[in-house]
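2 protein chains.
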Amino acid sequence: MTTSTAAGLPQISVIPSLPIAESIQVDTRGAVILNEESPETRDSRGIYLPNYVEPVSHIAVDIGGSLAKVVYFTRSPEPPNSPSIAATRGSSVHSDVSTPSPPSPSDLTPSSPITKLENHPRGALTPAVLENHNGGNHGPVIDGLPALNNTTFQESLLRRVSVQHLPGGSLNFERFETEHIDECIEFLQILIERSAQLNGVSIEEMQSSVKIMATGGGAHRFYDMLKTKLHVEVRSEDEIECLIEGLKFLSLIPDEVYFFSDELIHSVSHPTAATCSCQPSHPPTAQSSPQLSSAGPSSQPHEHNGVNGVFERPSPDPPKYAVSFEANPTPQLPCLLVNIGSGVSIIRVDEDGSFERVSGTSLGGGTLWGLLTLLTPATTFDEMLALSEQGDNSTVDMLVGDIYGQDYGKLGLKSTTIASSFGKVFKKNGKKIKFSAEDISKSLLYAVSNNIGQIAYMNAEKYNLERIYFGGCFIRGHAATISTLSYAIRFWSKGTKRALFLRHEGFLGAIGAWIKNIGEEHVDEA
Amino acid sequence: MTTSTAAGLPQISVIPSLPIAESIQVDTRGAVILNEESPETRDSRGIYLPNYVEPVSHIAVDIGGSLAKVVYFTRSPEPPNSPSIAATRGSSVHSDVSTPSPPSPSDLTPSSPITKLENHPRGALTPAVLENHNGGNHGPVIDGLPALNNTTFQESLLRRVSVQHLPGGSLNFERFETEHIDECIEFLQILIERSAQLNGVSIEEMQSSVKIMATGGGAHRFYDMLKTKLHVEVRSEDEIECLIEGLKFLSLIPDEVYFFSDELIHSVSHPTAATCSCQPSHPPTAQSSPQLSSAGPSSQPHEHNGVNGVFERPSPDPPKYAVSFEANPTPQLPCLLVNIGSGVSIIRVDEDGSFERVSGTSLGGGTLWGLLTLLTPATTFDEMLALSEQGDNSTVDMLVGDIYGQDYGKLGLKSTTIASSFGKVFKKNGKKIKFSAEDISKSLLYAVSNNIGQIAYMNAEKYNLERIYFGGCFIRGHAATISTLSYAIRFWSKGTKRALFLRHEGFLGAIGAWIKNIGEEHVDEA
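Protein chains in written order, with our numbering: chain A, 2 to 527; chain B, 2 to 527.
You may find that some hints are simply not true.
Note that the list lumps identical chains together, so a pair holds whenever it fits in one copy or between two copies.
[As the list claims (entries may be wrong)] Cross-link-like lysine to any residue pairs, in silico, SDA-like; alpha carbons within 25 Å at most:
#1 Lys230 with Thr380
#2 Lys228 with Gly406
#3 Lys230 with Gln208
#4 Lys463 with Glu187
#5 Lys435 with Thr380
#6 Lys463 with Pro335
#7 Lys495 with Glu352
#8 Lys495 with Asn465
#9 Lys435 with Glu178
#10 Lys435 with Ile182
#11 Lys212 with Tyr259
#12 Lys212 with Arg236
#13 Lys212 with Val235
#14 Lys435 with Pro378
#15 Lys230 with Ile204
#16 Lys228 with Ser416
#17 Lys435 with Thr377
#18 Lys495 with Ser209
#19 Lys212 with Thr377
#20 Lys212 with Gly406
#21 Lys463 with Leu334
#22 Lys463 with Val359
#23 Lys435 with Glu180
#24 Lys230 with Gly406
#25 Lys463 with Glu352
#26 Lys212 with Ser437
Worth flagging that the hints you see were computed from the coordinates, not collected in a lab.
Extracted from the complex, chain A is given alone in its bound form (with noise of 0.2 Å):
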């Protein structure tokens, strides 16, 4: 059954006697993005879901080859830090992506599983055995708790758990690093034993009525590890079909998925070897059919965007697009995923919700973090991000214009155009030429960047496909990224596929692994 609200909303109602749901139904109504804090948890903001009921807490746990990703659902009958409910609700012009930055995995170890419930009180998961106590005991326990000395965060779980039997609560984000696992683990040890003496009741009781759903490659590594720390069910699920789950759920959400839209923001700064005076930068690389040279009168002005059919080529400096959100979500199939993990995954995903991972690349997040690891000083993602903005490729780039001295013009190429990535390293380097670490970055970002788009490009179009989702913690907003990839896709497609960001791209699979318990607890219900 299913009905429409007044806002357009689609609203998906629980059906609990089918078997096994085919679709995973969560009550998504009014569904919004929290406010946090602290912006560095800009992909880690809850998710408000007024209406929804879990009897059973759930807690998932992706575990990649870098980082472990962890979904749980807290009762809470308003949202927290009310009346600021929605999140960025995006405009068309100007919005800037890049804002906050992300914690990175090495910023998350300074904060101990202890403190990061404390930053996030969002209430407690839910004991079973009150669903089964009509007006039961409502009652927190707050002596005994352990470390628990923060009066606001007490009064707030206390208003949470007293307000138990209302719909609505929050689906809530961490990440911890998959070689600190044991950080993961202790985080959901303090999460269960504080949601059990909140509760008032005991710890087994607690550990019965939590399941947890593993999913990544860690499920599988980690699998006896979590049994035998949390004493609680542990589950493991597809990794890609846990993927796919999380991402037709997420793109239901309101202004979760953006894009960049067909409007140009044009940049103030000039080019420094264009030959046209209103263009932006746009050192392209050495990719595409020649039959784009008819980007070559460039010494008139003209539309730089996708709407008159004239694209620059892909560059470390693309334009400048606004960013546009998905404000009235419709479901998104077929579509390609790309997921940008330590290395990446291509999903084809039909209109029916079936998926094939159809390709991939070992040149991935990891690869780049290594790289920039053993060449800059950085020491985590973010800070090669932030070098990378200070970076000129150019001194480290083989670009068209070093080799040719000018335009390749029958081809359609600029001087600008990178034709070999790092390409001017090996031969400057009998000179003792030291780079500095913001072009290395830039270089090395821009390459691995750009690679990803092509073959994600390819496939689309192999699969005929014109919405490509990119996922994973690779892109964490940084606008340098999300422009690569959006512009990428953009020109090679001549603007009939469009790239399409999460604001949780890195939690596709926890959640995807989330809502499949879903439905399968109400199959055990019925």
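Mind docking chain B on chain A? Use the hints.
Okay, now just chain B, sitting in the frame of chain A:
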């Protein structure tokens, strides 16, 4: 007028009255690839053309981002160093492609232009003026030859000059670093001067008989320098067109083209992480379609070659196939040409010879060399290749097994599959682990090669082309690179497409420029 020789080799005759020859015609009857005294010149071995007559001396120069390649024709009635005419004829069993290591750009430096001429005495250019003097002055002028005190050299030159009116001669190949283009120009100067002296004509007469066909980016960049310093006519030729002409020409030379046969040479070394006792180590990359999970039952002995359709995934340790040489080449169009220089160009060639640059990537030879320059002590590309042979990529690459702890059977991935190239480096660096140059080299060589193979394959698939030629100076007969590319193509195409290589891989453009001129020459004479 075309006829076949008894040997079945194509015979192409010169038709002098065509306006612009659509097909470039060079008499390739009996063409053989020459042996060289020095093993370093694997890809620079001359090609002896016993039936060709060149009235005007042409030098072709292809100046790329890193290397300048030179091709010129000199006369001799019989091949140098007879009787051992043929280079490796090739066999289908246990051919080792990588025996001689070709000179790297740095290796070329110690060899001065004069030394080059002395090492490869294959005659002199022929000034046009002698063609006009039937029975003119044949006697060489020995006195006054600059710095020429090598008797053997003199004698061989004399022998060649004296039979200059008979057909036959050799195509000669040289390489220089673009960064030291002055050395290339000096070489050409000496070649022209000596040719003048040996033929007994003035330098001005010689210069009026020489034409330089210049292609590559440097044809534009160094055009003025070539004209000014050499005082000869210089013509620029389109780079892509020359690559294709060179490919068409070379692919007709017997034993020029080689590829991996379907006969697998079983490696004696056993895999470290394989689940099958009969298979070589196969750490594949996480790229392929899950349909290939038919590679699943790995505990049973099974065939590894494409004949039975079972392919292990691409890896830095691909199966060792025998090298086969194309002894009786036939025209090989349509095809895809993947030219790997500093950067990569991908060109599609139709059956009628028309071509289009359809794609490319900036992650090419220059990228790998640049990265390894900064990450290893190696100073030449051949040193880097040698390092890679000793390396173990699993110390720097993140494998599926590292993430999952076991085989990801549903996806058809093995635990030794590479999920993220260089993906272990970021994690470990917090612990100050030093990575060996060998491991780094192997990881990156594989990553770059496999990425090129993947993009090449996708384009071959898109344009429905079975033959994929790899050109450019990147490959250098290096077994691991050839294996990686060959195997990747065989794997993704399920055996339907083939990677093809050329001995003179780096000289496609130069040969093409030379060929182009020949066609127009005969037009001029008509």
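Sort out which numbered hints this structure fails and list those numbers smallest first. The structure breaks hints 1, 4, 11, 18, 19, 26; every other hint is satisfied.
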